[in-house]
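Novice: Work the whole structure out from these sequences, hints included.
There are 6 protein chains.
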Amino acid sequence: MGTVYLTRKAEFAASHYYHSPELSAEENLRLFGKCNNPNGHGHNYTLEVTVKGAVDATSGFVVDLKQLKEIMNREVLEAMDHRFLNKEVPEFETLIPTTENIAIAAWRRLEPKLKAAQLHRVRVYETPDLFVDFYGEA
Amino acid sequence: MGTVYLTRKAEFAASHYYHSPELSAEENLRLFGKCNNPNGHGHNYTLEVTVKGAVDATSGFVVDLKQLKEIMNREVLEAMDHRFLNKEVPEFETLIPTTENIAIAAWRRLEPKLKAAQLHRVRVYETPDLFVDFYGEA
Amino acid sequence: MGTVYLTRKAEFAASHYYHSPELSAEENLRLFGKCNNPNGHGHNYTLEVTVKGAVDATSGFVVDLKQLKEIMNREVLEAMDHRFLNKEVPEFETLIPTTENIAIAAWRRLEPKLKAAQLHRVRVYETPDLFVDFYGEA
Amino acid sequence: MGTVYLTRKAEFAASHYYHSPELSAEENLRLFGKCNNPNGHGHNYTLEVTVKGAVDATSGFVVDLKQLKEIMNREVLEAMDHRFLNKEVPEFETLIPTTENIAIAAWRRLEPKLKAAQLHRVRVYETPDLFVDFYGEA
Amino acid sequence: MGTVYLTRKAEFAASHYYHSPELSAEENLRLFGKCNNPNGHGHNYTLEVTVKGAVDATSGFVVDLKQLKEIMNREVLEAMDHRFLNKEVPEFETLIPTTENIAIAAWRRLEPKLKAAQLHRVRVYETPDLFVDFYGEA
Amino acid sequence: MGTVYLTRKAEFAASHYYHSPELSAEENLRLFGKCNNPNGHGHNYTLEVTVKGAVDATSGFVVDLKQLKEIMNREVLEAMDHRFLNKEVPEFETLIPTTENIAIAAWRRLEPKLKAAQLHRVRVYETPDLFVDFYGEA
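Residue numbers (my numbering), protein chains in the order written: chain B, 1 to 138; chain W, 1001 to 1138; chain A, 2001 to 2138; chain V, 3001 to 3138; chain L, 4001 to 4138; chain R, 5001 to 5138.
Hints are computed from structural coordinates only; laboratory data are not their basis.
Given the structure is predicted, the values throughout are model-derived calculations rather than measurements.
The beta-carbon is built from N, C-alpha and C at its ideal position, and this holds for glycine as well.
Certain hints may be false.
Unchecked claim - The list that follows gives simulated cross-link-like pairs (lysine-lysine, DSS-like), each with its CA atoms no further than 27 Å apart: (1) A/Lys2066 <-> B/Lys66; (2) R/Lys5034 <-> R/Lys5115; (3) R/Lys5115 <-> W/Lys1066; (4) B/Lys69 <-> B/Lys34; (5) B/Lys69 <-> B/Lys113; (6) B/Lys87 <-> B/Lys9; (7) B/Lys34 <-> B/Lys115; (8) L/Lys4115 <-> L/Lys4034; (9) V/Lys3066 <-> B/Lys9; (10) V/Lys3034 <-> B/Lys87; (11) B/Lys34 <-> V/Lys3113; (12) V/Lys3066 <-> L/Lys4052; (13) L/Lys4034 <-> R/Lys5066.
Unchecked claim - Ranges between beta-carbon positions, derived for each pair: (14) W/Gly1136 <-> A/Thr2094: 47 to 53 Å; (15) W/Gly1136 <-> V/Pro3038: 40 to 46 Å; (16) V/Thr3058 <-> W/Pro1112: 39 to 45 Å; (17) R/Pro5021 <-> W/Lys1034: 56 to 62 Å; (18) R/Ser5024 <-> L/Asp4064: 39 to 45 Å; (19) A/Pro2038 <-> R/Asn5039: 47 to 53 Å; (20) B/Glu27 <-> W/Arg1030: 36 to 42 Å; (21) B/Pro128 <-> W/Glu1026: 41 to 47 Å; (22) L/Pro4090 <-> R/Glu5026: 53 to 59 Å; (23) B/Pro128 <-> A/Lys2069: 22 to 28 Å.
Specialist: Written out as structure tokens, the structure is:
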């Protein structure tokens, strides 16, 4: 039928801050500015998940939308929504929760769970004016 | 001058429902849920058409925008806008009008009519949170 | 604490068509154009519900957001989402489901159920470019 | 020249959580759900400030836009942007930083500083689907 | 049936600049900054027209949408779209084309032409973050 | 850590018109329509700049966001914002300032200045419904 790319969006609200243990307090402040505030600040993140595959002749679907929504909820949103990312999401005990690292973390959570279609891209918007795409590239 | 990708959006309002003759009534309901209602329901679809080509040195255009708009209107919007897709658009007498199949149908309608530039991608949004891309891949 | 106006949005997908039994076929077509197609066409409607009240000193809320969401779902969205409005929503057996009449119908469904705060306005978007406000005025 | 209402938007990113000292832990959790997490979570808030006044015959302005932007920055954004509202904004040491209370706090910060035009409304969006308006009403 | 407020949006692209003959060159630059550039700069303006009236029992309309669109096109868009407002729109030979004055000019053009329903509000967005409302108030 | 694509948006307001010295007055009008008006008209352009690179293990960044913002401001926005592109931006003394040519010009301004990460794509929106992507392809 043809190979298509289907994208589903979801939103989550989380807080974070940026701090590197390899840098001094002055270097952290210079590099991260207001984002270095250890109390945290927050965003309405938008997660876009794109899967790639052939359209099924019976259903007309590349992926079952209810299953995709459930996987996104279970693997990413339940872990990150209404959370302080640095303190409550295991990946960010050691990694700084930048938009880059959130996109990679979401990919790693989603990719093993998607059976029916291939994960093609994860996009994370931190604000409407800033977003990161990850395609699983090393 | 350089190769660019130009995208133009248009909207259309249509109704549809999902039903596969290969599945039982129970299977249809389980797979398609509320979308299985035979009375139909509707959406404000957004169609994005992307063409690829070299920028013309005289006009500064990759494609004549008025022509592109006319082709989109004549080939897709006049057929699908304010229509019940299952009943009134020939492709969907046999295919289920999922977002996937609408994107493929739009590609097949547009591709033979675009002369000046090459069709690169058709994107169809069913809602702001769900969209499908088709690049003409088998 | 002060009187505030809180607005919550929700979306529903429905189909409809416009036809008046008081008009001839020609008059219906002239007045309603493409919207007169009896097969129906559809929209992603946005419903905005605004309630007015004093901020509660304990909760900081004018209204419990979970309750407001439940009332919107139960009274409006379950009745109208994924429905052909003319055939499946009682108000529209006799009233034409224009954006005007959908806004009034939503008000009448919501107003008796809102106890904690006063319904101030119902807004319905048919498309991003067309919306109707109803404040309960005769 | 006529009386007009001018609205300017700005965004800020902050974190917050909801907890009432008057309620038990169980009541807080039941009322506030995920928002009760004391680590906080965050949002991209949008602040809309509307001023009302006569259009000046010389400038064509109801208010000097640079001054309005400066006042919004100095009085609200510098205090709330990239902050944990409960811990770092004085109003929210005792008030729960709900959208309702943020709108009222913004009004009280802005109203005494606006000289050239009258503050008419403060709107705060917590998400694109939830916002509160305050007009200074008791 | 009830009194409703219907709003229709339209867009136009225009250029303008700000200069007051009552002010010196220095004062113009201080007051208007970059907007004082006499070559002009431009915007995608959004015009929102709100009419108020009773819902017609036969049509379900407060106003004929095709007529409203025609009036908006003829009275405002044809005059302002793809124009340098200072040079090509009569009102702005003497008035500075600020968002405030564009909203008032649009009201004065539209109000005498609307017969079926009463003009309630004209809103003009200069950018998504700045807009002006005019209700016909002196 | 992985290769990511980070995109930052910015807006600028400019005016332009379309005219080719190689075409007659009639041909210019037929090809460019309303855009041929030599007084110019304008848009709120959106510039999206996408850079590609590996995530830095210390900062979690693919690129320093403050530096990226400064480069975008200095190389593109200061030159084009609040300008009549045909008269005030050197590239457009000879090239028509179509969206295609603005995207290419922005790429050529940005690419030599980006050191930390590789420029991947420049996207320019003329309106929400029309945009051009340039990837540096000949």
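Novice: Now look at each hint and say whether the structure bears it out.
Specialist: Right, here's what the structure says about each hint:
| no. | hint | result |
| --- | --- | --- |
| 1 | A/Lys2066 <-> B/Lys66 | holds (23 Å) |
| 2 | R/Lys5034 <-> R/Lys5115 | violated (41 Å) |
| 3 | R/Lys5115 <-> W/Lys1066 | violated (40 Å) |
| 4 | B/Lys69 <-> B/Lys34 | violated (34 Å) |
| 5 | B/Lys69 <-> B/Lys113 | holds (12 Å) |
| 6 | B/Lys87 <-> B/Lys9 | holds (25 Å) |
| 7 | B/Lys34 <-> B/Lys115 | violated (41 Å) |
| 8 | L/Lys4115 <-> L/Lys4034 | violated (41 Å) |
| 9 | V/Lys3066 <-> B/Lys9 | violated (36 Å) |
| 10 | V/Lys3034 <-> B/Lys87 | holds (16 Å) |
| 11 | B/Lys34 <-> V/Lys3113 | holds (25 Å) |
| 12 | V/Lys3066 <-> L/Lys4052 | violated (34 Å) |
| 13 | L/Lys4034 <-> R/Lys5066 | holds (23 Å) |
| 14 | W/Gly1136 <-> A/Thr2094: 47 to 53 Å | holds (48 Å) |
| 15 | W/Gly1136 <-> V/Pro3038: 40 to 46 Å | violated (52 Å) |
| 16 | V/Thr3058 <-> W/Pro1112: 39 to 45 Å | violated (60 Å) |
| 17 | R/Pro5021 <-> W/Lys1034: 56 to 62 Å | holds (59 Å) |
| 18 | R/Ser5024 <-> L/Asp4064: 39 to 45 Å | holds (42 Å) |
| 19 | A/Pro2038 <-> R/Asn5039: 47 to 53 Å | holds (48 Å) |
| 20 | B/Glu27 <-> W/Arg1030: 36 to 42 Å | violated (57 Å) |
| 21 | B/Pro128 <-> W/Glu1026: 41 to 47 Å | holds (43 Å) |
| 22 | L/Pro4090 <-> R/Glu5026: 53 to 59 Å | violated (28 Å) |
| 23 | B/Pro128 <-> A/Lys2069: 22 to 28 Å | holds (24 Å) |
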